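Chemist: So you can see what is in the structure, the chains are spelled out below.
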Amino acid sequence: MAPARTIPTITWAMIVVWLIFASVPLWIEKVGLYHYLGVEILIFAMYALAYNLVLGHAGLPSFGHGAFFGVGAYAFGLAQFNIAANLWVCLAAAVGAAAVAGALVALFISHRRGIYYALMTIAFGQIFWFIAIKAHGLTGGEDGLLKIERLPATLGVTVFDLKSNVALYYFVLVVFVAVSFLLWRIVHSPFGRVVKAIKQNETRARFVGYDVWRFKAAILVISACLSGLAGGLFSMAQASAFPDVMSLHYSGYVVMMTLVGGGLVSFWGPVIGAVAFFLARDIIGAVTTGWMLWFGLSFVVLVLFKPEGIAGIYQSLAQRRAKAAAPVVAPNSQAR
Amino acid sequence: MTSIVNLLPHLLNGIALGLLFSLIALGFMLILGLMEQINLAHGSLFALGAYFAYALCAARLPLPPDWLAVWAAVPLIWRFAAAVVLAPILVAPFGLILERLMRRTYGRDPLYGLLLTFGVAMVIEELIRVVWGTPDYMLPVPQEISGGFIMLDLIWSTYRFWAAGMAIVAMAVVWVIVERTRFGAMVKAGAHDSEIVQALGIDLTKLRVWVFVLGTMMAAFAGVIMAPLWGIRPHMGVDAVVPAFLIIVLGGVGSFWGAAIGGLLVGMVVGLSSAYASEWSMLSMYLLLLLVVTFRARGLFGKKSVLEV
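Residue numbers (the numbering used here), protein chains in the order written: chain A, 1 to 336; chain B, 337 to 645.
Extracted from the complex, chain B is given alone in its bound form (with noise of 0.2 Å):
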């Protein structure tokens, strides 16, 4: 019984790590559940978001001295507010592009697609070095959300359980747009019969191109959401991205509760695994995949979809 107790935190951590985890893929599982593209520059995109929120917590932006001076006299908790609410949209140029690219290798080997989001992830990540340089940062954190507080005779961080609430609020305004409106069916109609759809009078370029700009500004909040946790580093998209994907392919690709449920699992064992070897509590995301997918070729909830061509 005590060791249950004992590994209580790390569950209750687990689980707020996985709702993290989901927040991360969801921008890249919306772009290939509804556009089947994959997006390995979701992570530069994720990164770009967390500089950003830096540039405008930290107050260092290309202003004029007296008006940065204004902005740095803000208190910390509206400044970080305005990161939270702008660096996506600042992102969101970047997707545009992206897209814009993209578009060229729509209906050819998805390969293609890879490949070029890889090229442009590369790039995003040369330009995160040539304008912030290599060193890490942190993100400050206002003190009402920071530091920890007690319950069960146990610290806990007050900043991971509010990023965990920020995760659910994320997943669920995704939920209402894919699932309860008239963009969010046309969509998915979309990916599912794209001829019909376009028959009908839809015009399913515009509409992708909505669900590209919601996928990076999804990945550009988590990437601001993730920051006063894991640092900011030029290299921390790769640290978001092979996560990302790694739970769309556990969670089965195009299922929305797909992905929710793998982070969540992830973070999990994650999070348990590390209160018996905490070097390597990473590693045994990597074995799940390996166990889930050899027994379930789809993932857990998986459709079958442009993944096997």
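Okay, chain A solo, but in the shape it has when bound (with noise of 0.2 Å):
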């Protein structure tokens, strides 16, 4: 049976996105802002995305997801030092590092849901970020691990340096375009569905065939490789690795990027929120101490009113406007 609405490759709003973000070394100067600022939000945008794969369309809440992020971090170091200074080896050794340690916390958590996937993700994260503290010899402890170089990215016969900021931002924004190409192919591929299905009623899932634990597992691991990669690509713009983004409040961080920015309802929601969260803290932290105040408040009141974020706030807006447009409508032509 063919779907009742196909979902197009590529879509207007991807395009818009992509062409913004494209634009921004442009002008970002001109508004008083400066070029790492958009290296950050876009390799933060990509991780809220990535992580919108389990909380926004899985419907699993994971509080530890920084752990991902920061083993990639760590990961893309580390190759660095031990295994070869090539730029593909190190983004592949985050990824593959970020995947195993998905696999393994998946592995105990995939038969959860709910609160307690929340409480068992938040043990995990702390552990990792415990290790990330402790194992001096390998992670650097609490100073973290320095000297990451930015490597060059080579294509054949072509080499891309990528040292200044703006190169970098390039860099990132071509990762952050693949990525979020293939996350709108997997949210809408038949595996993406399912996991839809998993996240509307689990049991009804499960009697309809599907093997849920491994669904789940896989979801975990696929936004933990994503979320690796993003990882990676923050150790080399920093030009280090530290503990810090494997705390739980990073970990809440993102978090509150993809709810704040609408991750519940749409698919560039946390971009969105990555921006926003980005913006408030240059913002509001150059006019005062303190801004996590304001935008902690700001996401206590969205939660209590309007937990769909700025996305939801622009549908709703759109959807009064299309009705006063249109004020004869059939009844049921608003049950989307």
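Hints are computed from structural coordinates only; laboratory data are not their basis. Please read these numbers as outputs of a predicted model, since none were measured by experiment. Note that the Cβ used here is the ideal one computed from N, Cα and C, for glycine as well. Errors might be hidden in some of the hints.
[Stated by the list, open to error] The calculated label-pair distances, taken between Cβ atoms and stated as ranges, are:
#1 182(A) <-> 492(B): 58 to 66 Å
#2 313(A) <-> 439(B): 17 to 25 Å
#3 530(B) <-> 29(A): 55 to 63 Å
#4 344(B) <-> 182(A): 39 to 47 Å
#5 488(B) <-> 287(A): 55 to 63 Å
#6 301(A) <-> 403(B): 31 to 39 Å
#7 137(A) <-> 344(B): 28 to 36 Å
#8 403(B) <-> 81(A): 58 to 66 Å
#9 417(B) <-> 137(A): 40 to 48 Å
#10 96(A) <-> 439(B): 43 to 51 Å
#11 321(A) <-> 404(B): 55 to 63 Å
[As the list claims (entries may be wrong)] Once the Cα atoms are required to be at most 25 Å apart in a straight line, the calculated SDA-like pairs of lysine to any residue come out as:
#12 199(A) <-> 107(A)
#13 163(A) <-> 174(A)
#14 542(B) <-> 575(B)
#15 134(A) <-> 627(B)
#16 196(A) <-> 445(B)
#17 163(A) <-> 143(A)
#18 134(A) <-> 347(B)
#19 134(A) <-> 445(B)
#20 306(A) <-> 444(B)
#21 542(B) <-> 372(B)
#22 542(B) <-> 448(B)
#23 542(B) <-> 301(A)
#24 134(A) <-> 575(B)
#25 542(B) <-> 300(A)
Each of the two chains sits in its own frame; use the hints to bring them together as a complex.
Modeler: Pasting the structure below:
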């Protein structure tokens, strides 16, 4: 049976997001910001998109995703020092290490859901964070892993130097485009549909005959891989890897970004959230100390009154406008 | 034989630590067990208690200087006693506000309560940074209960044992309130079947406020007691909330004795493992959790609960 609504491979929203990000280096300094902020936003937008695979699409509240991001960051650095100082090798190491970490966690928690899932992921996040702090020989402890280099990207005969922030930005953008495209396809693949069905009703999905455990484990591993990739890029961007990003705080920040942006109702919500998070950090942070106070308060207000986030607000505004434009509508056209 | 004797101090310290862990988990357990709400802001209320205690003990209060001089002249033991009593009372309004906010999430996906309290935890932590700054503080301990004593040729910290004693007192108070009073019976019945309890004419909303306030005050009380041992810093809340939920998951949700025994187990495991690898001793509690939860999904004494949705 043909699906009721085919999902296009490329959407206008996708192109608009990519084009906006592509134009950022042209104007970001003119509005008083700086190129490195753009790199940070892109990396965390990628991370939040990957995270939303678990929270928004599978309905599994992971509060320990910082572990995968951090494992990716450390793996990038360690691969550079111990295996080969080659960008592709290091990024592959970041993805691979995060995949192993994700699989390990998935093994223990994939039969869980809801709050227990959240609590168990907090525990795992703390385990990884604790190891990162204590294993001085491997990770440098609280001082972190320093002197990670921004390796040049070799493509056949041409070599792109990524030392400048603008060059790094465009490299990260290429990865971001690839990752967001991949995620869009995963979400709308038959696999993604099953994951969505599990979110809606796990018991029913099991009775239909799907091996729910495998799907939940797979979605976590995919999300962990891409979070690790983002982590690897982040360690390259800041030329070091620290245990901070694995702490409960940072794991919570990505939840906040995803929710504030509207990851529960929109594919691009996490991207909006990452932008809002970093703009709030830099703009509110410039005016007052304690920017998290204000961001946290707005997060609390959103959770209470509009958990669908910024994208949700936009959607209901658009709906209201559509209703105002055409006041006489058949009642069942609003069912969506 | 000698190895067992050598382990004895670690075991005793572990038991003391375990009682303290149970104390930290107590308020969290109350709110989760009786209201089916996860309060991730528990740690921040714990931290607030510690900071208020510091303000009282070190006489750093927003009061006229001559009043402060009078207060600072009071012997430390009385200031400390005042902190133990007053800090939880000062933190209680925060619990009231939090309960008001959480009311909107009752009956919805429990995830929203979790997200809300996480947001509140971030806000309180940042508030602490704005008010008190980022440096570490030490809570001064009165001479009567500080220092050490010698037993079995070993030096023991007096405060640690005094604190463990206070943990037992707090647990006893909570046990009596929950298990031996009309209030406790009504709240427990409400957690079991809220419709019937409301049909009997009991105002469950009001009862829940009191449960939440009690849980908040327990968090703050634990914060005061732990402050001299852990030091006072803005992120001490996270250091407290993680063991708290860990103990609850380990002991089993909704079980008073589960929380108490879970805390003791964690304390003993941390205490004993610190005999072999002190650097890594905190990791042992996570491994214990994984071990228990892998084989007993509901924890040691758990009943079916909201956590399983």
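Chemist: Determine for every hint whether it applies to the structure shown.
Modeler: For each hint, the structure was consulted:
Hint check: residue 182(A) to residue 492(B), Cβ distance near 59 Å, so the stated range 58 to 66 Å holds. The hint said 17 to 25 Å for the Cβ distance between residue 313(A) and residue 439(B), and at roughly 23 Å that hint holds. Between residue 530(B) and residue 29(A) the CB atoms are about 58 Å apart, so this pair conforms to the stated range of 55 to 63 Å. Between residue 344(B) and residue 182(A) the beta carbons are some 58 Å apart, a value that contradicts the proposed interval 39 to 47 Å.
Separation of residue 488(B) from residue 287(A) is about 59 Å and conforms to the stated range, judged on CB atoms against 55 to 63 Å. The given range of 31 to 39 Å is respected by residue 301(A) and residue 403(B), whose C-beta atoms sit roughly 38 Å from each other. Take residue 137(A) and residue 344(B): their Cβ atoms lie about 33 Å apart, and the range 28 to 36 Å holds. A C-beta distance of roughly 60 Å is found between residue 403(B) and residue 81(A), which places it inside the suggested range of 58 to 66 Å.
Between residue 417(B) and residue 137(A) the beta carbon distance is about 47 Å. The supplied range of 40 to 48 Å therefore holds. At roughly 46 Å, the beta-carbon separation of residue 96(A) and residue 439(B) lies within the given 43 to 51 Å, and the hint holds. The hinted window of 55 to 63 Å between residue 321(A) and residue 404(B) holds, with their beta carbons roughly 59 Å apart. Restraint check: the Cα-Cα separation between residue 199(A) and residue 107(A) comes to about 19 Å, which is no more than 25 Å; the hinted pair holds.
Restraint check: the Cα-Cα separation between residue 163(A) and residue 174(A) comes to about 16 Å, which is no more than 25 Å; the hinted pair holds. About 31 Å separates the Cα atoms of residue 542(B) and residue 575(B), which puts this hinted pair outside 25 Å; it is violated. The hinted pair formed by residue 134(A) and residue 627(B) meets the criterion: a straight-line CA distance of about 22 Å does not exceed 25 Å. Taking the CA atoms of residue 196(A) and residue 445(B), the gap is about 17 Å. The hint holds against a cut of 25 Å.
Between residue 163(A) and residue 143(A) the CA atoms are separated by roughly 23 Å; this keeps the pair inside 25 Å, and the hint holds. Restraint check: the Cα-Cα separation between residue 134(A) and residue 347(B) comes to about 24 Å, which is no more than 25 Å; the hinted pair holds. With a C-alpha separation of about 37 Å, the suggested pairing of residue 134(A) with residue 445(B) is violated against the 25 Å cut-off. A C-alpha spacing of about 13 Å is found between residue 306(A) and residue 444(B), which places the hinted pair at or below 25 Å, so the restraint holds.
Distance check on the hinted pair: residue 542(B) and residue 372(B) sit about 16 Å apart at the alpha-carbon level, within 25 Å; holds. The straight-line distance between the Cα atoms of residue 542(B) and residue 448(B) is roughly 22 Å, inside the 25 Å bound, and the hint therefore holds. At roughly 24 Å between alpha-carbon atoms, residue 542(B) and residue 301(A) fall within 25 Å of each other, so this suggested pair holds. In summary, the hint linking residue 134(A) to residue 575(B) is supported, as the alpha carbons are separated by about 16 Å, within the 25 Å threshold.
For the suggested pair residue 542(B) and residue 300(A), the alpha carbons sit about 23 Å apart, so the restraint of at most 25 Å is met.
Violated hints for the displayed structure, listed by number in ascending order: 4, 14 and 19.
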